[in-house]
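The lines below spell out each chain.
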Amino acid sequence: MVGRFKILVVDDELIVRESLVGWLKKGGYQVDTAAGGREAISLLDQKDFDLVFLDIKMPDLGGIEVLKHIRVRYPQTMVVMITAYGSVETAVEAMKSGANDYLMKPFEPEQLTLLVEKLLQQRRIIEENLLLREQVAASEQVRYGDLIGSADCMQRLFDLIEEVAAVDSPVLLRGETGTGKELVAKAIHSKSGRRYGPFIPINCGGFTETLLESELFGHEIGSFTGAVRAKKGRLELAQGGTLFLDEIGEIPLKMQVDLLRVLEEKKFHRVGGTRDIPVDFRLISATHRDLAREIEQRNFRQDFFFRLNVIDIEIPPLRKRKEDVPLLADHFLKKFRRETNKPVEGIEADALELLMSYEWPGNVRELENAMERSVVLAKGRYLRKEDFAFLFRATAVPEEPRSLQEMEKRHIHRTLKSCGWNISRAARILEINRTTLHNKIRKYRLDAVERETDGRP
Amino acid sequence: MEDRREEPVFLEPVVSVCPLGDATAVDVRVVAANVQAVFDLGVDILERSPLPEEAFLADRRQYDAAAVLRHLDAMVRPPFRKILGVTTVDLCIPVFTHVFGEAHLGGRAAVVSSFRLRTNENGFKASIETYTHRLIKVALHELAHTRNLVHCDNPRCLMHFSPKVNHLDRLPILFCERCRYLLTQDWRRPAGMG
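Line order of the protein sequences matches chains E and U.
Taking the working numbering, I'd label the letters of the first sequence as residues 9 to 465.
Taking the working numbering, I'd label the letters of the second sequence as residues 63 to 256.
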C-alpha cells in the first residue's frame, strides 16, 4: 500500500536528501528529490506527489515560496517543512502558509515514521471522500429512476420526462429494440400524478390476435372456448394509472379501431360482454417501427397514430451515447455480481475500451446480456478483453491501420468523454499526471474537437 | 522416496562481518554466527578496521552512518557480496538524532551500533542476553535491507520498524513468511543482480 504513495524530498544539502530518501525508501515509499526550490516546482509540474518534505532555507527559492506555489497549484499535496534553523516564528509562518506539519533537524526516526503514516492516512481519507463525493455526484446526475445516462441526449431525455409527466396526454416512445422504452414509460408514470395508480405494461407483439384482445379488454364467462371465468383485461387493470402498450406497431388493424374508440369514449366492454366499463388511464405506447411508413403501407391507421402520438419521444440508441457504456457496464456488473455472488470487482481498461468501440445493435439490453454472460463465466476478479470476444465474432470489421499519435489522440479523447471531461479521473485512468494530460489536450486540440462534435466548452 | 529438497545455492562465503573501532570480538562473533544461521549463508569475519575520521561529527559528538557505510562499501572484495560493520559508537544521519543501524537499500553495506542497545528505556542497563538479542536483531534487519527488503507491516516480523529498544525487544528473531520468501528469492539471484 505504501509503495503507491509518492514523496518528494526538497533540500539543498545532498547528505540530508540522501539520508531522508534512504530512510523513506526503506519504509517502502517511492521517493524523488530536488536540490532546490526551482527544481522542486519543475518536478511538481511534471509529476503528482502525495507528500513533500520541504527545507525552509534554500539558496535559490525559499521553502515558504515553494509551499505557497504548492498550495495554489496542488492543494491536495501534503507538505512537511524541515529546517535546521527552526524557530517558533518560521514554524508558525509555515503552518500559516498551509504546511501540514514541520520537523526540526535532527529528529527522532520514530517521529518521521509516525508523521508520514499519519499524513498519508489523512491523504487516503481525503482521497476516499473525494471519490465518494464524485461517485455520489455522478450517480445523482446519471440516474433517473432506473434509467442511467450521462450523455447530453440522455440528460435532455430526463428533462423531457419531467415535462411530459406533468401532463396527461398520450405519449409515443420511439426507439430501437433494447433502448429502454419500458423504463422511460415507467419513469413517466412514476413522476406523474398517477404514480400511486398501477403501471400496466403489455407487449402487443407477444400475443395472437384473439389472445391480445382478451388480454386488453378482458372477457366474460363463456365468451370463447376455455373462458371458464370472467377476466379483467389490462385496460380495466390500468384504472387510475398508466397503460403501456409496447410494440404498438404489431396491433392488428381491427383492434386499432377498438382501441381508438376506447381512447375517444373512455369506456369499453369485455369480450363477450355488453356492459360498458368506464376507464381512466394514461396511455403510453412504444414502437421500434417506422409508423409513418406503416401508415403508407396501410398497416397502421393514421387516425389511431394521431391519437397515440400527442407527445413524441425518441430514445437514442446506445451507439449514439457511447460515453454511457462504462456507466451502464458498471451498473450491470454490480447487478450480476449481486445475483451470482461472484467476486468480480471490475472491468479492465482495454476491455472497457473494446465495449466502447462496439456498435451495440441490440442496445442497452445487449450490453446487459453481455455483462451477465461475462460475469457468470468470469474466471478472475476483473473482466478482460477476452471475456467480450464473443461480441465481435460476427461483426468485427478490421480497422484501417492508424499512426500511434492518432491512436493516442483517439484513446485520450475517448477516455475524457467517458469521464465527462473530469481531468483528474481521466488522468488516473490513463496513468499520466494532470499536467501531461493538459499538454496532450492542447497538443491534439481535443477541446476544439469536443466543441465541434458535442457543443461542449 | 526421492529427496526433492534443493541443494544450498551459496556454499562460498557471501557476507563479511567487520569489527569497526573497539567493537568487541564477542559481539562480532555472535552477529556473524546469527547471520550464518538465520540466512543460511557463508560468513567470514574480517580484520578490525578503524572508523573513518570523516564520519565523526564534532558538533553532535556522533558518527555519520552514511559516511561509515561509504567506508564499508569500499571494503567489499570478492567472494564477499555484502559487508556488515559492527561498532560501539553512536550513529546518526543528518536528519535523525540517532540510528541503531543503517544500510544501503539494495546495496552492499550495512552497519549496526551497540551504543544505544545496552540501556533500557528507563535508563537501567539491559541484561547481557537482552543486549545480545537486540544487536542480532538490528544486524539481521539492516542486512536484509541490503537485499531490497523494506519495512514490514507485520509487528511480528524482524523487518518491522523499531525506533526504540523496547520495540526491538518485542520482535522475534524471525522474518514473517512474506519477507522470508522475498529474502530467499533475493539470495538466489546471481551476483551483480542487485
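Check each hint, because a few of them may be wrong.
[To be verified] Pulled a few chain E residues facing chain U out of the computed Cβ check, cut under 8 Å: (1) I23; (2) E116; (3) E416; (4) K417; (5) H419.
[Claimed, not checked] List time: in silico DSSO-like cross-link candidates among lysine-lysine, alpha-carbon distance up to 30 Å: (6) K187(U) x K14(E); (7) K76(E) x K126(E); (8) K187(U) x K451(E); (9) K330(E) x K451(E); (10) K226(U) x K14(E); (11) K104(E) x K199(E); (12) K330(E) x K274(E); (13) K328(E) x K275(E); (14) K239(E) x K262(E); (15) K226(U) x K451(E); (16) K65(E) x K33(E); (17) K275(E) x K55(E); (18) K113(E) x K226(U); (19) K187(U) x K126(E).
These are calculated hints, taken from the structure and not from any lab test.
All C-beta atoms, glycine included, are put in the ideal place defined by N, C-alpha and C.
Do the hints match the structure? See the list:
The beta carbon of I23(E) is positioned within 8 Å of a beta carbon in chain U (closest approach about 5 Å), and the interface hint is therefore held. For the restraint placing E116(E) at the interface with chain U, the shortest Cβ-Cβ distance is roughly 5 Å, inside the 8 Å limit, so the hint holds. A least Cβ separation of about 33 Å between E416(E) and chain U goes past the 8 Å threshold, and the interface hint is therefore violated. This hint is violated: K417(E) has a C-beta 39 Å from the nearest C-beta of chain U, more than the 8 Å allowed.
The beta carbon of H419(E) is not positioned within 8 Å of any beta carbon in chain U (closest approach about 34 Å), and the interface hint is therefore violated. As the CA atoms of K187(U) and K14(E) are separated by approximately 41 Å, the hinted pair breaks the 30 Å bound. Restraint check: the Cα-Cα separation between K76(E) and K126(E) comes to about 22 Å, which is no more than 30 Å; the hinted pair holds. For the hint linking K187(U) to K451(E), the alpha-carbon distance of about 68 Å lies beyond 30 Å, and the restraint is violated.
Taking the CA atoms of K330(E) and K451(E), the gap is about 24 Å. The hint holds against a cut of 30 Å. With a C-alpha separation of about 27 Å, the suggested pair K226(U) and K14(E) falls inside the 30 Å cut-off, and the hint holds. A C-alpha spacing of about 51 Å is found between K104(E) and K199(E), which places the hinted pair above 30 Å, so the restraint is violated. Restraint check for K330(E) and K274(E): the C-alpha separation of about 42 Å exceeds 30 Å, so the hint is violated.
Under the criterion of a C-alpha separation no larger than 30 Å, the hint pairing K328(E) with K275(E) is inconsistent with the structure, at around 41 Å. A distance of roughly 21 Å separates the Cα atoms of K239(E) and K262(E); the hinted pair therefore holds under the 30 Å criterion. Restraint check for K226(U) and K451(E): not satisfied, since their Cα atoms lie roughly 54 Å apart, outside the 30 Å limit. A hinted pair counts as satisfied when its Cα atoms are at most 30 Å apart, and K65(E) with K33(E) qualifies at roughly 24 Å.
Between the alpha carbons of K275(E) and K55(E) the distance comes to roughly 71 Å, so the proposed pair goes past 30 Å and is violated. Using a Cα cut-off of 30 Å, the hinted pair K113(E) and K226(U) holds, with the two alpha carbons roughly 19 Å apart. Restraint check for K187(U) and K126(E): not satisfied, since their Cα atoms lie roughly 33 Å apart, outside the 30 Å limit.
Checked against the numbered hints given earlier, the structure breaks hints 3, 4, 5, 6, 8, 11, 12, 13, 15, 17 and 19 and satisfies all the rest.
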